[in-house]
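Visitor: What follows is each chain in one-letter form.
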Amino acid sequence: MRTLLAWIAGGLTSVVLTPVALADGWNMPVGVTAISRDIYSLHMIIFWICVVIGVIVFGAMFYSLFRYRHSRGAKAATFHEHTSVEVIWTAIPLLILVGMAVPATATLKNMYDTSEADLDIMVTGQQWRWRYEYLGEDVAFTSNLGTPREQINGTGEKGEYYLLEVDEPLVLPVGQKVRLLLTSDDVIHSWWVPDLAVKQDAIPGFVNENWVRIEEPGIYRGQCTELCGKDHAFMPVVVEAVKPERFDEWLAERKEAAAQEASSADREWAMDELMERGQQVYGSLCASCHQEDGQGIGNFPALAGNEAMLDDVDWHIDRVVNGVSGTAMASFRNTLSAVEIAAVVTYERNAWGNESGDSVQPSEIAERLADQGE
Amino acid sequence: MWQAIKSVLAAFLGVQKDARRREDFASNRPGTFIAAGLLVGLVFVLLVAFVAVLAAR
Ligand SMILES: [Cu+2]
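Protein chains in written order, with the UniProt record's numbering: chain X, 1 to 374; chain C, 1 to 57.
Isolated chain X (complex conformation) (with noise of 0.2 Å):
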């Protein structure tokens, strides 16, 4: 009888917890690095552990409670104490603590050695996405949110990836260890990729260091996982993971596009040139405050027929490269080049029914940053 209970508790219990845990979708993933396998084997060990002591546990306390119930004349025991059983129900805790902390320090100490890294990547938390630099090799981009206004605001068709795919994904190579170095321009985000079995703080004013070894090529996916204000919930991650052959020719590319882009602001620019270029850059990072229609909402000011701004092209441009310190308007002076600037403030300064016909060349904002810079 008692066995028979005990067993029928035990069935009972890991019937419904092994699909649970086992279930695609409920668990966390496997992942793609070697980290990532020690962490998921880790927690699958500890799961197990806990299943154990859990039907041990409950599974006396039910049988006690059913089995000397009062109606079969059960009478409590009024010895006071039982040295050796109290001692042997402290150690086997202990025990089964410090056989959990090995492993799991052993996996820890990997995690946190960021040394011999092949690739130094710095990654800067936005509001609200993400900035990569590969030190060392001059290209850095801002990562924006891919997914279109219209299924954000309910108006289309929500895609796969809603929410959870960018304009540039972190291009990593696989079998290389890269180095993370994590960082925050305003609030504390925190940069997560589940495959990865990557989660770290980005705080401003402190550097944190984490690393990948990627294993296999692919598209990896996370977001921003420390509530950082209202658009939180858009700064997603997509790291591409590609072979190293790949991975060189992708950064030779993106190295040319950059030296292309600098020489770039020495020439003239068209009228629609600049609007096209500006309504791309308003589109991906300005629209999220002042909204795409440029009326602003709330705290963010409307650029539509904003007087100050029309008037004055200095107090325009100064507000872009420098930002507003104290508000929600940052500096742009890092994260646009010259083409960049100029073709936004061209874009501001002639949509939504502003008819300056003020055309700002990059050529200017090269210099005016250079002065600045100085």
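In case anyone wonders, no lab produced these hints; they're calculated from the structure. One or more hints might be untrue.
Unchecked claim - Okay, the calculated beta carbon distance ranges per label pair:
1) V48(C) with P103(X): 14 to 24 Å
2) A11(C) with H82(X): 16 to 26 Å
3) G37(C) with R333(X): 35 to 45 Å
In this text the structure is predicted, and so the values were computed from the model without any measurement. Heads up, the beta-carbon is just placed ideally off N, CA and C, and yes, glycines get one too.
Let chain X serve as the given structure and place chain C with the ligand on it in line with the hints.
Guide: What follows is chain C with the ligand alone, placed relative to chain X:
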């Protein structure tokens, strides 16, 4: 003193015989127990630090 150390060790584990507890409380020298507590505490901290140093190597 040895008596006090044994009682402190039992307290660290959280298990003590009732008879021993009565004996301890019959003594009117709390200073011995405080000293034993500080001593065993110090040894425990050093032990943990030692294990941590070993593990970090
Ligand atoms: Cu964030």
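Visitor: Each hint should be assessed against the structure and marked as holding or not.
Guide: Cross-check of the supplied hints:
no., hint, in the structure
1, V48(C) with P103(X): 14 to 24 Å, "holds (18 Å)"
2, A11(C) with H82(X): 16 to 26 Å, "holds (18 Å)"
3, G37(C) with R333(X): 35 to 45 Å, "violated (60 Å)"
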